[in-house]
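Throw the hints in and build the complete structure from the sequences for me.
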Amino acid sequence: MLLVASSSGAAAVALGSRPAPSSAARRGGALQMEAGETVLDVSDLCAAVGETPILKGVNLKVRKGEVHAIMGPNGSGKSTLSKVIVGHPAYEVTGGSALFEGEDLLELEPEERAQQGVFLAFQYPVEIPGVANNDFLRLAVNKRRQAQGLDEYDPIEFFGVLSEKMSQVSMSPDFLGRDVNSGFSGGEKKRNEILQLALLEPSLAILDETDSGLDIDALKTVAAGVNAYRGEGNGIVLITHYQRLLDYIKPDFVHVMSDGEIVRSGGPELALELESDGYAFLDAGARSDA
1 MLLVASSSGA AAVALGSRPA PSSAARRGGA LQMEAGETVL DVSDLCAAVG
51 ETPILKGVNL KVRKGEVHAI MGPNGSGKST LSKVIVGHPA YEVTGGSALF
101 EGEDLLELEP EERAQQGVFL AFQYPVEIPG VANNDFLRLA VNKRRQAQGL
151 DEYDPIEFFG VLSEKMSQVS MSPDFLGRDV NSGFSGGEKK RNEILQLALL
201 EPSLAILDET DSGLDIDALK TVAAGVNAYR GEGNGIVLIT HYQRLLDYIK
251 PDFVHVMSDG EIVRSGGPEL ALELESDGYA FLDAGARSDA
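FYI, in full-length UniProt numbering the residues of the sequence shown are 1 to 290.
I should point out that these hints are in silico values taken from the structure, not numbers from a laboratory. Do not rely on the hints blindly, as some may be mistaken.
[Claimed, not checked] DMTMM-like, lysine to aspartate or glutamate: derived pairs with alpha carbons at most 20 Å apart:
{"hint": "1", "residue 1": "K220", "residue 2": "D179"}
{"hint": "2", "residue 1": "K64", "residue 2": "E92"}
{"hint": "3", "residue 1": "K56", "residue 2": "E92"}
{"hint": "4", "residue 1": "K64", "residue 2": "E51"}
{"hint": "5", "residue 1": "K64", "residue 2": "D104"}
{"hint": "6", "residue 1": "K220", "residue 2": "E164"}
{"hint": "7", "residue 1": "K143", "residue 2": "E157"}
{"hint": "8", "residue 1": "K143", "residue 2": "E109"}
{"hint": "9", "residue 1": "K250", "residue 2": "E275"}
{"hint": "10", "residue 1": "K165", "residue 2": "D217"}
{"hint": "11", "residue 1": "K64", "residue 2": "E232"}
{"hint": "12", "residue 1": "K56", "residue 2": "D44"}
{"hint": "13", "residue 1": "K64", "residue 2": "E103"}
{"hint": "14", "residue 1": "K165", "residue 2": "E188"}
{"hint": "15", "residue 1": "K165", "residue 2": "E152"}
{"hint": "16", "residue 1": "K143", "residue 2": "D174"}
[Unchecked claim] Label-pair ranges, simulated between beta-carbon atoms:
{"hint": "17", "residue 1": "D154", "residue 2": "E232", "range": "39 to 45 Å"}
{"hint": "18", "residue 1": "G95", "residue 2": "G183", "range": "41 to 47 Å"}
{"hint": "19", "residue 1": "G160", "residue 2": "S276", "range": "44 to 50 Å"}
{"hint": "20", "residue 1": "E273", "residue 2": "I216", "range": "21 to 27 Å"}
{"hint": "21", "residue 1": "N227", "residue 2": "S163", "range": "17 to 23 Å"}
From a predicted model like this one, the values you see are computed outputs, not experimental measurements. We treat Cβ as the ideally placed atom computed from N, Cα and C, and that holds for glycine.
Now the structure itself:
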């Protein structure tokens with residue numbers, strides 16, 4: 001097995017996923033949802049950094065074809081949840097469960113989670129000096145095809161596939177010869193992340209504040225790339241502070257995190273309520289600085 005890290009530091013190569021029966025809902029107050037096959041089922045998930053608990057019983061179910069937005073004040077545990085799902089070594093799971101397409105995600109190493117089809121785009125994509133973007137992307141895609149028993153793309157074949165995907169995120173071919181994210185603007189780095197998403201087609205995509213630092217034009221471009229990827233064969237989790245992202249990527253469900261838990265769930269109207277009223281309904285004393 002091979003792990004190819006994405007430019008954000010996330011494990012990003014989806015080397016195939018195995019279909020599995022959906023598990024029973026175990027929500028404890030979260031919204032009940034009837035749709036397609038379950039891609040992610042998180043139940044009473046708890047996690048800590050050292051002696052500090054951060055996640056304190058998260059419940060979340062994502063089915064294929066669904067987009068879930070997770071919102072909440074700073075320090076509520078949103079980014080921690082994403083990192084625990086992909087197996088970041090800084091976090092220790094202290095309770096609960098997380099199933100990915102019916103398989104115990106917590107038993108898998110980070111690279112195995114990536115190979116199964118879990119993708120995480122970080123808020124701050126990192127630079128990888130000395131590695132050309134074109135080589136990085138072709139290696140990642142070919143490892144995925146290899147795992148699926150498909151022939152690898154030669155450079156000419158891959159360029160054709162890549163050109164189509166690049167048009168979705170308005171990226172110039174000039175970026176292919178540059179080192180991964182080196183000298184890229186913030187918007188260019190985010191588009192490069194979405195390009196990876198489009199090429200790898202994971203079963204579960206978690207986008208951690210992808211809208212952070214983007215102007216309106218870059219936001220529209222990134223959203224168009226995500227919407228092009230969106231489909232019945234995958235699930236998407238958006239972590240964001242702002243309604244503006246959700247104006248362009250319409251969520252099916254919106255969840256509010258506070259003090260390491262999902263405390264409220266609803267439809268897209270919940271995000272509009274938060275935009276208008278903020279988090280006044282939360283007990284300020286219950287918030288922790290995760």
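Going down the list of hints, with the structure as the test:
Restraint check: the Cα-Cα separation between K220 and D179 comes to about 25 Å, which exceeds 20 Å; the hinted pair is violated. Proximity of K64 to E92 is assessed by CA-CA distance (about 27 Å); at most 20 Å being required, the pair is judged violated. For the given pair, K56 sits about 12 Å from E92 by alpha-carbon distance, which is consistent with the 20 Å threshold. Under the criterion of a C-alpha separation no larger than 20 Å, the hint pairing K64 with E51 is inconsistent with the structure, at around 35 Å.
Taking the CA atoms of K64 and D104, the gap is near 18 Å; set against the 20 Å cutoff, the hint holds. Distance check on the hinted pair: K220 and E164 sit about 18 Å apart at the alpha-carbon level, within 20 Å; holds. Restraint check: the Cα-Cα separation between K143 and E157 comes to about 15 Å, which is no more than 20 Å; the hinted pair holds. Taken as a hint, the K143 and E109 pair is honoured in the structure, with Cα atoms around 18 Å apart against an allowance of 20 Å.
For the hint linking K250 to E275, the alpha-carbon distance of about 15 Å falls within 20 Å, and the restraint holds. A hinted pair counts as satisfied when its Cα atoms are at most 20 Å apart, and K165 with D217 qualifies at roughly 18 Å. Taken as a hint, the K64 and E232 pair is honoured in the structure, with Cα atoms around 6 Å apart against an allowance of 20 Å. For the suggested pair K56 and D44, the alpha carbons sit about 7 Å apart, so the restraint of at most 20 Å is met.
A hinted pair counts as satisfied when its Cα atoms are at most 20 Å apart, and K64 with E103 qualifies at roughly 15 Å. In summary, the hint linking K165 to E188 is supported, as the alpha carbons are separated by about 15 Å, within the 20 Å threshold. Proposed proximity of K165 and E152 is supported: the alpha carbons are some 17 Å apart, at most 20 Å. At most 20 Å may separate the alpha-carbon atoms for a hinted pair to count; K143 and D174 exceed this at roughly 24 Å.
In this structure the hint that D154 and E232 lie 39 to 45 Å apart at CB is violated, the actual value being about 31 Å. For G95 and G183, the Cβ-Cβ distance of about 43 Å falls inside the hinted range of 41 to 47 Å, so the restraint holds. Between G160 and S276, the C-beta spacing of about 47 Å keeps the proposed range 44 to 50 Å intact. At about 23 Å, the CB distance of E273 to I216 agrees with the hint of 21 to 27 Å.
The hinted range of 17 to 23 Å is satisfied by N227 and S163, whose Cβ atoms lie roughly 19 Å apart.
Going through the hint list in order, the structure does not satisfy hints 1, 2, 4, 16, 17.
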